[in-house]
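**Student:** One line per chain: the protein sequences are A and B, in this order. Following the working numbering, the numbering of the first sequence begins with 3 at its first residue and continues without gaps. Following the working numbering, the numbering of the second sequence begins with 337 at its first residue and continues without gaps.
Calculated from the structure, these hints are not laboratory results. Owing to the predicted nature of the structure, the values given are computational and were not obtained by experimental measurement. Backbone N, C-alpha and C define an ideal beta-carbon position, used for all residues, glycine too. Incorrect hints may appear among the rest.
Examples of chain B residues lying across from chain A (beta carbon under 10 Å, computed) [unchecked claim]: (1) ALA501; (2) LEU712; (3) GLY716; (4) LYS726; (5) PHE730; (6) ALA733; (7) VAL751; (8) VAL753; (9) ILE761; (10) TRP764; (11) SER765; (12) PRO766; (13) VAL792; (14) ALA796; (15) ILE816.
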Amino acid sequence: MPWVSLLVIVPFVVAIALLFVKKDNHATARALAITGALVTVAISIVVVVLFDRTSGALQQVDHANWISSIGLSWDLGVDGISLWLVLMTTVLFALGIIAACRRLPDRANVFLSLLLLSEVGLLGLFTAGDLVLFYVFWEFMLIPFAFLIWNWGGDDRRRAGYTFVIYTMVGSLVMLVSIITTAMLASQHLGYLTFLIRDLEGVPFGTTASTLLFAGFGLAFLIKLPLWPFHGWLPMAYSQAPIVVTALMAALMSKAGVYGLLRVGVPLFPDGANTLLIPIAILALVGIIYGSLLAWRAPTMRLLVGYSSLAHLGFIVLGIMVFDSMAAQGAVLQMVNHGIVVAAAFTIVMVLGRGGGTEDMDRLAGLAKGAPRLAVGFLIVAMAALALPGSNSFVGEFFILGGVFRQYSWMAVIAMAGVIYAAVYMLRMYQSTMNGPVKGVPADGRACELTRSDGLVLVPLILIMVFIAVWPRALVGATQASTDRAIAAAQVAADRPTSQITPLSITRNRP
Amino acid sequence: MNSIVGVPLYIMSAATLLAIVTGALRLPTGLRRLPEWIGLVAVAATFASITFLWGESRVGFAGEIHLNRMGLLLTGIILLATAAVILLSWGEPAGAGRRAEYTGLLLAAATGMILTVIAGDLIVLFIGIELLSVSLYILCAIEVTRERSLEAGLKYLITGAVGTAILIYGFALLYGMTGTTSIDGISRALAEAGPLTSQPLLLASMALIAVALGFKASAVPFHHWTPDVYEGAPTPVTAFMATGTKTAAMGAFLILFTGAAQGAIADWRVLIGTIAAASMIVGNLGALVQTNVKRMLAWSSIAQAGYLLIGVAVGTQYGAEALVYYLIAYLVMTLAAFAIVILREREVENGDDLQSFTGYGRRRPWAGGVMTLAMLSLAGFPPLAGFIGKFMLFQAAIDAQMLWIAIIGALASAVSVVYYLRVAIVMWSPTPDDAHEVRRLRVPLSVAAVALICGVAIVALAVFAQPVINLCRGAAESLIS
């Protein structure tokens with residue numbers, strides 16, 4: 003069975019079917035959407051089970067020619083980098099749809115359909131083995147997210163959506179030109195025109211071309227992440243979107259940029275990546291500090307979590323860009339951790355916002371009294387978000403900081419500040435809402451208590467956090483071969499001593 | 337027998353005459369649609385004839401007509417546009433009292449467009465362009481009781497006449513320098529002439545021709561007439577100008593530049609490339625501030641002319657292939673957009689105003705869906721036809737070492753997303769009140785059919801692009817031997 007293709011096809015078909023459901027028939031829409039999302043989860047589990055952990059290459063590849071005369075093909079597969087992202091995407095979307103189903107907005111069928119379409123975009127993106135297909139899914143996910151903001155967002159939704167779309171489009175169209183240029187230049191070396199990433203790996207581009215192409219791709223990735231100073235769209239989009247959409251954007255869409263960097267940018271243009279290593283690392287470091295400071299002073303909980311992810315993504319980018327085997331594994335692990343933690347944090351924000359009627363931290367206090375279960379969940383999530391030792395994020399950040407320290411100790415020192423700040427802003431959010439005298443809510447905030455359906459979303463997320471915290475090897479073991487392979491060429495370009503270069507890369511013939 | 341190459345023209349001109357003659361007859365009410373039916377049958381018959389003629393290049397009438405695959409494919413595009421416009425005009429108030437003239441003129445314009453794209457001689461090409469222009473001048477002004485329509489006709493006439501004068505001047509210079517009006521002869525003469533920079537008159541003639549064709553294609557800086565004329569003309573006629581005229585103008589560009597002036601490519605590449613880049617920038621920026629959908633589509637068509645001209649500017653066979661594919665994509669997405677505008681215009685006053693589309697998608701989801709698809713495709717979102725077209729054009733540009741034009745095109749596309757998506761957003765946003773819903777007519781079947789077929793084609797042309805691209809490749813091969 004072409005399982006990987008089914009990952010994309012099933013939600014797509016369900017999304018189209020949802021459009022034909024009557025708009026006031028919430029029961030059918032709900033059942034259809036949840037079934038579709040759960041079937042997709044099942045398929046992704048099959049993909050994980052079939053995964054060969056020893057191979058670093060793209061596997062379970064479904065290949066078909068699409069437009070062969072211009073070199074386009076339908077080419078989907080998974081490797082160690084994408085495997086967990088795929089699983090996380092399907093799981094988070096299933097949980098997101100379950101959460102959304104509790105209180106469906108008007109025209110629920112379209113809302114759910116757009117959610118599933120954005121899932122299609124993300125899953126396609128994480129599995130694409132062809133650069134053009136990568137671009138197709140990259141753009142494909144933008145439209146549903148934008149329409150979700152435009153149709154169901156807050157008061158300033160139109161401007162928020164436009165800002166988001168324009169920022170992204172500038173990056174992605176430059177990426178499109180870079181994609182075509184890459185294939186054209188490579189065809190002179192390969193003798194045939196192809197957009198397959200695995201064929202393009204190892205093609206020598208020359209330092210200038212490599213740098214320009216990496217910059218062309220990098221712009222799109224950094225905007226999508228976003229990394230400072232390309233985050234202009236983030237505050238508006240995150241604060242205007244419906245909370246489920248914000249959660250999915252922060253948890254998953256942001257990973258698209260990181261994934262692109264590790265899957266396309268670094269392996270295809272090692273020389274360019276090496277040239278731009280320091281500038282991008284500096285942006286990441288600034289992002290860590292700046293994002294942390296913004297999160298510290300953020301007025302609403304939603305923005306706090308949003309800005310904190312700006313800082314966390316800075317960590318992940320740093321982990322990729324230093325070309326260290328350990329840091330790269332940490333980056334992949336942290337992508338998963340961050341996705342899970344952010345999703346859980348937004349679930350808390352959603353529950354608080356629903357019960358307390360506001361997401362403004364200063365107007366809520368003392369909720370722990372009336373909502374003890376929520377307080378426990380919140381505390382666990384907050385501890386995970388600030389990477390307390392013993393939490394899942396700690397493992398990821400430890401890997402990253404350790405790897406970064408090995409290569410550039412000064413970067414690790416600066417990045418360390420972000421870890422401290424994380425404690426400051428996460429504890430501020432917890433304390434100001436949970437502790438102290440009761441404020442802003444009737445009846446001690448009992449309305450904020452976790453309901454059974456909230457638990458259905460939050461408990462699985464906490465279980466996943468615990469699982470990763472106690473057994474990170476389960477994840478890292480599968481990713482190692484792929485991350486080593488992805489950064490091998492860049493390590494050679496950066497003249498790392500051979501002792502540090504992973505064994506795979508030595509057998510690589512670099513032109 | 338070489339007069340077989342005239343078959344498409346025979347059918348179309350005969351149908352033109354027939355349709356106009358029916359206007360003099362006193363038709364029983366059962367036959368009042370006769371002109372339209374004549375038009376549809378003629379288009380179908382011509383289409384059958386070009387599929388039959390598809391294959392080897394044929395030359396007829398002593399070289400006056402070149403029926404190669406490029407000409408045939410462009411003829412096919414023009415015929416599809418004609419059929420769609422006849423369907424869009426079904427019951428159009430503009431043509432109601434003057435069905436015979438209206439349809440006859442549409443067919444005459446189509447004949448002119450076909451003549452343009454299969455011309456083998458400057459004179460034939462000129463006649464083709466004139467036939468299409470004159471017919472369209474009248475069609476723009478056919479609503480004689482509406483001031484905007486008359487204004488549009490007059491504006492189009494005046495600017496069009498200037499364009500014609502420039503074109504004939506360019507042709508005259510070209511004839512003077514090469515001693516022939518045959519396009520094959522000119523091609524040979526230009527190949528022998530050496531660099532054009534040493535031959536100022538030849539260079540001037542090429543520049544004049546580019547300017548005149550730029551007028552017809554509404555490329556910058558010869559675009560000023562476009563927004564007013566597009567807005568003022570009856571909407572089906574606007575749709576015809578946007579698709580048919582554009583195809584004919586691009587056909588002429590291909591014949592004269594990519595085809596005949598292939599030998600002098602280095603001399604005109606930058607010229608056309610600059611026109612293309614300027615059109616993309618100005619068209620997209622101009623469209624940003626429009627509040628009327630027809631005006632917005634006019635500016636968008638200026639920008640789209642820029643994208644199309646990339647295919648001419650590169651001057652390669654692949655460029656021509658990409659251009660023709662994009663023309664097909666452009667045809668279906670433009671027709672889809674205009675079909676929805678026509679639908680809305682039939683329902684409310686000022687139906688071409690963006691405001692009147694508020695919440696339209698919620699009431700007619702299929703219409704909203706088609707419009708959204710058309711807008712996304714025009715903006716170049718994958719995986720739709722417009723994306724594949726732009727992809728090929730950028731590929732052609734990069735292949736021909738013209739990376740700069742691809743980058744300008746990409747950035748201009750990023751701008752265009754704003755105004756294309758604005759339409760889509762407005763369509764799906766909630767209506768403040770349903771008060772402005774003055775007339776709620778039954779949806780005209782023919783308009784709905786065009787909209788739906790085009791909507792499906794926008795997706796299908798991308799998903800099943802390979803067969804279409806093969807056709808385009810055959811066409812491009814026949815152009816550059």
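**Student:** Does each hint fit the structure? Answer for all of them.
**Tutor:** Here is what the structure says about each hint:
At its closest, the beta carbon of ALA501 (chain B) sits 39 Å from a beta carbon of chain A; the interface hint therefore is violated under the 10 Å criterion. Using the Cβ-Cβ criterion of 10 Å, the hint placing LEU712 (chain B) at the interface with chain A is satisfied: the shortest such distance is roughly 7 Å. This hint holds: GLY716 (chain B) has a C-beta 8 Å from the nearest C-beta of chain A, less than the 10 Å allowed. Here the hint on LYS726 (chain B) is kept, as its CB sits about 8 Å from the closest CB of chain A, short of 10 Å.
Checking PHE730 (chain B) against chain A: minimum C-beta separation of about 5 Å stays under 10 Å; hint holds. With its C-beta approaching chain A no nearer than about 9 Å, ALA733 (chain B) sits inside the 10 Å limit, and its interface hint holds. Hint on VAL751 (chain B) holds. Least Cβ distance to chain A is approximately 8 Å, under the 10 Å limit. For VAL753 (chain B), the interface hint holds, since its Cβ comes within 10 Å of a Cβ in chain A; the closest pair sits about 5 Å apart.
This hint holds: ILE761 (chain B) has a C-beta 5 Å from the nearest C-beta of chain A, less than the 10 Å allowed. Against a cut-off of 10 Å between C-beta atoms, the interface hint on TRP764 (chain B) holds, since the closest Cβ of chain A lies about 6 Å away. Interface restraint check for SER765 (chain B): the shortest CB-CB distance to chain A comes to about 7 Å, inside 10 Å, so the restraint holds. Hint status for PRO766 (chain B): holds, given a least beta-carbon distance of 9 Å to chain A, under 10 Å.
Residue-level restraint check for VAL792 (chain B) is violated (minimum Cβ-Cβ distance to chain A is 14 Å; threshold 10 Å). Using the Cβ-Cβ criterion of 10 Å, the hint placing ALA796 (chain B) at the interface with chain A is not satisfied: the shortest such distance is roughly 13 Å. Using the Cβ-Cβ criterion of 10 Å, the hint placing ILE816 (chain B) at the interface with chain A is not satisfied: the shortest such distance is roughly 17 Å.
Consistency note: the structure conflicts with the earlier hints numbered 1, 13, 14, 15.
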